[in-house]
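Protein chains: 2
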Amino acid sequence: MAAEKITSRAKDYSQWYLDIVHRAGLAENSDVRGCMVIKPHGYAIWEKIQRALDRMFKDTGHVNAYFPLFIPKSFLAREEQMAEGFAKECAVITHHRLKAIPGQGVEVDPESKLEEPLIVRPTSETIIWNTYRSWVQSWRDLPLLINQWANVVRWEMRTRLFLRTAEFLWQEGHTAHATQQEAEEETKRIIELYRTFAEEWMAMPVLVGPKSEGQKFPGAVYTLCIEAMMQDKKALQAGTSHFLGQNFAKAFDVTFQNPEGKREYAWATSWGVSTRLIGGLIMTHSDDQGLVLPPRLAPIHAVIVPIYKTEAERSAVLEAANKLEQSIRDLPLREWLNYEPVTVRIDDREQYQPGFKFNEWELKGVPVRVELGPKDLAKGTCVLARRDLPGKEAKEMGVPLTKAATRIAEMLQAMQTALFERARKFREANTYEINSYDEFKKKIEEPGGFLLAHWDGTRETEERIAAETKATIRCIPFDRKKEAGTCMVTGRPSPGRVVFAKAY
Amino acid sequence: MAAEKITSRAKDYSQWYLDIVHRAGLAENSDVRGCMVIKPHGYAIWEKIQRALDRMFKDTGHVNAYFPLFIPKSFLAREEQMAEGFAKECAVITHHRLKAIPGQGVEVDPESKLEEPLIVRPTSETIIWNTYRSWVQSWRDLPLLINQWANVVRWEMRTRLFLRTAEFLWQEGHTAHATQQEAEEETKRIIELYRTFAEEWMAMPVLVGPKSEGQKFPGAVYTLCIEAMMQDKKALQAGTSHFLGQNFAKAFDVTFQNPEGKREYAWATSWGVSTRLIGGLIMTHSDDQGLVLPPRLAPIHAVIVPIYKTEAERSAVLEAANKLEQSIRDLPLREWLNYEPVTVRIDDREQYQPGFKFNEWELKGVPVRVELGPKDLAKGTCVLARRDLPGKEAKEMGVPLTKAATRIAEMLQAMQTALFERARKFREANTYEINSYDEFKKKIEEPGGFLLAHWDGTRETEERIAAETKATIRCIPFDRKKEAGTCMVTGRPSPGRVVFAKAY
Numbered sequence: 000m001a002a003e004k005i006t007s008r009a010k011d012y013s014q015w016y017l018d019i020v021h022r023a024g025l026a027e028n029s030d031v032r033g034c035m036v037i038k039p040h041g042y043a044i045w046e047k048i049q050r051a052l053d054r055m056f057k058d059t060g061h062v063n064a065y066f067p068l069f070i071p072k073s074f075l076a077r078e079e080q081m082a083e084g085f086a087k088e089c090a091v092i093t094h095h096r097l098k099a100i101p102g103q104g105v106e107v108d109p110e111s112k113l114e115e116p117l118i119v120r121p122t123s124e125t126i127i128w129n130t131y132r133s134w135v136q137s138w139r140d141l142p143l144l145i146n147q148w149a150n151v152v153r154w155e156m157r158t159r160l161f162l163r164t165a166e167f168l169w170q171e172g173h174t175a176h177a178t179q180q181e182a183e184e185e186t187k188r189i190i191e192l193y194r195t196f197a198e199e200w201m202a203m204p205v206l207v208g209p210k211s212e213g214q215k216f217p218g219a220v221y222t223l224c225i226e227a228m229m230q231d232k233k234a235l236q237a238g239t240s241h242f243l244g245q246n247f248a249k250a251f252d253v254t255f256q257n258p259e260g261k262r263e264y265a266w267a268t269s270w271g272v273s274t275r276l277i278g279g280l281i282m283t284h285s286d287d288q289g290l291v292l293p294p295r296l297a298p299i300h301a302v303i304v305p306i307y308k309t310e311a312e313r314s315a316v317l318e319a320a321n322k323l324e325q326s327i328r329d330l331p332l333r334e335w336l337n338y339e340p341v342t343v344r345i346d347d348r349e350q351y352q353p354g355f356k357f358n359e360w361e362l363k364g365v366p367v368r369v370e371l372g373p374k375d376l377a378k379g380t381c382v383l384a385r386r387d388l389p390g391k392e393a394k395e396m397g398v399p400l401t402k403a404a405t406r407i408a409e410m411l412q413a414m415q416t417a418l419f420e421r422a423r424k425f426r427e428a429n430t431y432e433i434n435s436y437d438e439f440k441k442k443i444e445e446p447g448g449f450l451l452a453h454w455d456g457t458r459e460t461e462e463r464i465a466a467e468t469k470a471t472i473r474c475i476p477f478d479r480k481k482e483a484g485t486c487m488v489t490g491r492p493s494p495g496r497v498v499f500a501k502a503y
Numbered sequence: 000m001a002a003e004k005i006t007s008r009a010k011d012y013s014q015w016y017l018d019i020v021h022r023a024g025l026a027e028n029s030d031v032r033g034c035m036v037i038k039p040h041g042y043a044i045w046e047k048i049q050r051a052l053d054r055m056f057k058d059t060g061h062v063n064a065y066f067p068l069f070i071p072k073s074f075l076a077r078e079e080q081m082a083e084g085f086a087k088e089c090a091v092i093t094h095h096r097l098k099a100i101p102g103q104g105v106e107v108d109p110e111s112k113l114e115e116p117l118i119v120r121p122t123s124e125t126i127i128w129n130t131y132r133s134w135v136q137s138w139r140d141l142p143l144l145i146n147q148w149a150n151v152v153r154w155e156m157r158t159r160l161f162l163r164t165a166e167f168l169w170q171e172g173h174t175a176h177a178t179q180q181e182a183e184e185e186t187k188r189i190i191e192l193y194r195t196f197a198e199e200w201m202a203m204p205v206l207v208g209p210k211s212e213g214q215k216f217p218g219a220v221y222t223l224c225i226e227a228m229m230q231d232k233k234a235l236q237a238g239t240s241h242f243l244g245q246n247f248a249k250a251f252d253v254t255f256q257n258p259e260g261k262r263e264y265a266w267a268t269s270w271g272v273s274t275r276l277i278g279g280l281i282m283t284h285s286d287d288q289g290l291v292l293p294p295r296l297a298p299i300h301a302v303i304v305p306i307y308k309t310e311a312e313r314s315a316v317l318e319a320a321n322k323l324e325q326s327i328r329d330l331p332l333r334e335w336l337n338y339e340p341v342t343v344r345i346d347d348r349e350q351y352q353p354g355f356k357f358n359e360w361e362l363k364g365v366p367v368r369v370e371l372g373p374k375d376l377a378k379g380t381c382v383l384a385r386r387d388l389p390g391k392e393a394k395e396m397g398v399p400l401t402k403a404a405t406r407i408a409e410m411l412q413a414m415q416t417a418l419f420e421r422a423r424k425f426r427e428a429n430t431y432e433i434n435s436y437d438e439f440k441k442k443i444e445e446p447g448g449f450l451l452a453h454w455d456g457t458r459e460t461e462e463r464i465a466a467e468t469k470a471t472i473r474c475i476p477f478d479r480k481k482e483a484g485t486c487m488v489t490g491r492p493s494p495g496r497v498v499f500a501k502a503y
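Chain order of the listed sequences is X and D. When we follow numbering that gives the first Met the number 0, the leftmost residue of the first sequence carries the number 0, and every step to the right adds one. When we follow numbering that gives the first Met the number 0, the leftmost residue of the second sequence carries the number 0, and every step to the right adds one.
Be a bit skeptical, because a hint or two may be false.
If chains are identical, the list can't say which one is meant, so a pair holds when it fits in one copy or spans any two.
Claimed, not checked - Pairs of lysine to any residue residues, derived as SDA-like cross-links and limited to a Cα-Cα distance of at most 25 Å, are as follows:
| hint | residue 1 | residue 2 |
| --- | --- | --- |
| 1 | Lys-232 | Thr-254 |
| 2 | Lys-215 | Arg-194 |
| 3 | Lys-112 | Pro-399 |
| 4 | Lys-308 | Pro-399 |
No lab work stands behind these hints, which were simulated from the structure alone.
Starting from the given sequences, assemble the full structure and let the hints guide the process.
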């Protein structure tokens, strides 16, 4: 059972991505249109993401709650932009009963028609703000800093595992505040939290700043985003934080008495990241051998592959492997790993050869591999291999067994940093300042990347560029340099460059 | 703002339950029929439940995954009992688009009708076994030991917060095995795991054993359950583990090649517990002052209420409170608490009096309260109060501040044990051996409780008893004593007593 190689990035980037998703056991399409099955290895990554984010939310004063899966149709109509943005493609529940037809299976019972259809939540602003109405009476009840981990459904026509599916898992924060300033500070706090998570946990560098009007969330006053570059130089929106003003408070009549005894509408934010992040992880770090995972989010940190021929060798090698496993488990990495355990696996499956196992664990993205055979054992050493380094560079021979655990801890930490640095350099190498629309149109096709260009700030120009080049404005970075210029399309004044790219 | 008392159990048990759910901030009804909002304090309890169970599942070799929310209608029809059991009342998705009607909101777009309606999962056996078909080829692929944390929907007509809602949260395990024996062992292993969780974490004693044929899960060969007694002496089914035989493997054609090269159908189990457990927690331990939580599942373990009048007193008391808080946080309870932190809150809200705060934290079920005022401070002591003890017995005066944290740890552990013991004694005091149907009919009304009676093993008799008394067979306990007898209704032979009760 020799495993076939996965498609290379150079040959077919899309197929490479799907090969990794399938062959690393992350996810697969289901028989339900657009819905994926997240397989155990993929879900384990999601659990790591959840744990790290959840702790960050709680450390900043947020609490979790749970709101209904269903939204009455009329709720969607209350906030105008929301209705336009989300009502179009969604799962609509119209009946609540099936009946058995003898010999023909089951049919929808027409007598069970609902008075008002229900929508499976595409996002929960409406149902949550409808609930907040009774939770908020006085300024003392504010702020509400609530997050929900949930599944949501958007009836996407063209799906792609993790990146765009009809059902996906996410977290959605919904906060209510007494003042505009507080709500805007929260919007900013969260996008910075997302930046920290993306960079320090996912090792994925991101640009941070507002979206243009044309790209913002329906119902938001403005949207802040984190935006990453994938290895095919396309952009991935990885998280958004919305300042919603008083739009939802007005739509759902959420008012409070301020300290002066006057009634005011509450101020809102909402923010979310989803299982899409797993797609981002894959496309930021993986290579032609398979998945590469930043150690802080890896479900398995190290795998020990014992090598032996005789039964005597087997028992000696396994004994040493067990000892090493325990010393790796005891590594003082708990804080760095968010108080999750260091996870080690000894792959002592009899039916496979070591070479097969090496490939399999490479494919699955385990950061460090330990090779341990009778010759190593005789010398009291082992071989370590780091997943992200190429060829021979990856291997460290003759590492003393007594020092192997410590060396593995160093490798994990070095790999986390190296992945981030590599991705940052890649993004920098593929970011260009562009000064004419002709140059833009060429460059967006070849070589592609992030194009920094002046734009006149109008939706009209943005839409024209999108129609003509398929590039959209990804982000107006907070840290862009101050540089007045003129729009590359219309020649009108521009206060600074914005980031264009083709995107997922 | 003096808080109103909650309804007493003696006066109106149902209202007492709802008062606690509402006033302790656990949950409320939403504007969506039958769906609840789980509020932050309620959700925090669910998170504790999840963490403890999830670790137990993983420690026994299970992994998590995620399967689609939607199930094609035709899947439900494949397994006959399943279709009968679940098809009746469910949320049916028939369309995938709304359209805006100018001035009239949004309407279901008739052109978006689905070819095949989708059902929101009431349970996931069908979609999961449809997926397993491609995961299982050889005996080497088995067992599959997979769990899913998810929301499910059953269109319940009469709902009750936590106990019976249209949407609820749960975990559902779905395992596939090569042999009947292995699958039956898994079924048993899980019900014992649930028993351990119920008794050691929830402090809720349970009976363990199979359900009768009439009470088993649709599609199961047999169902094992844990069954608890609530304070109104009614039974609550708290968790079930089903041996499904080869029913789903046959319905979804899941076969594997055994070591001898022959194809066989896989053997299945499924098992679950849900947010219903929170209802069970409330009704097992709470009292007329509000929620009582077993410390191992309490979101907040201790609250410190500082008492002061002057500013100087305030700062001295708060300084001592902060020190005490840190020493409580550092208590070596991490393993006992499943590696979750010890959580302490200092309630320094200015707008409320200490007495109000005492009542509020009692209502919310915080296990230990610390009272700390200037007089205590002068003596270097504080007052501790344990939530589950009555009146003066609850208070320990003059506890040295240097020893308070250790004393709190002891109180938490003692309270966990005491709650279990109290509940166990309550159940024993309300369990009766009954020897005639006349006696049974009287006793089930007054005083109620668990009635142990002989039954002839037929569905007919079981149904007659249910129709005449509203009592059902809750469980045939594994540890029932060996005692042949005759059915109290028909006089036919019975191999032992079974447990009857009215149930939620």
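query = Which hints from the list above does the structure break, by number from lowest to highest?
reply = 1, 3
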